[in-house]
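Residue numbers (my numbering): 1 to 83.
Source of the hints: derived by calculation from the structure; they are not laboratory data.
Mixed in with the good hints there might be a few duds.
Subject to a maximum C-alpha distance of 20 angstroms in a straight line, what follows is the list of computed EDC-like cross-link-like pairs (lysine to aspartate or glutamate) [unchecked claim]:
1) Lys-13 x Glu-25
2) Lys-13 x Glu-28
3) Lys-20 x Asp-36
4) Lys-60 x Glu-42
5) Lys-50 x Asp-40
6) Lys-20 x Glu-42
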Amino acid sequence: MGATTVWVSPETKERLDAIKCHPDETYEDVIIRLIDIAIDSEPLSEETLKALDESVEDIKAGRLFTLDEVRAELRAGWRTKSE
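Make a model of the complete structure from these sequences and hints.
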């Protein structure tokens with residue numbers, strides 16, 4: 001197998017060093033792990049993409065709830081279930 005030299009800044013090397021799982025892990029292993037994380041082998045379904053688009057439209061239209069409103073709704077639901 002051939003090898004290629006990749007030049008990175010000292011800052012990038014420090015960042016790669018910081019995410020090594022153990023001191024003997026090679027940079028190639030670190031890069032492969034990062035690539036595996038970055039590439040999604042299961043793309044989103046059409047249904048999920050549609051739901052995301054609808055959610056964005058709801059947000060743009062102001063159809064959303066504050067955290068306090070959600071908490072109140074959840075508390076109200078818990079009260080009716082326990083009654």
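Original post:
Hint by hint, which ones does this structure get wrong, listed from lowest number up?
Top reply: The structure breaks hints 4, 6; every other hint is satisfied.
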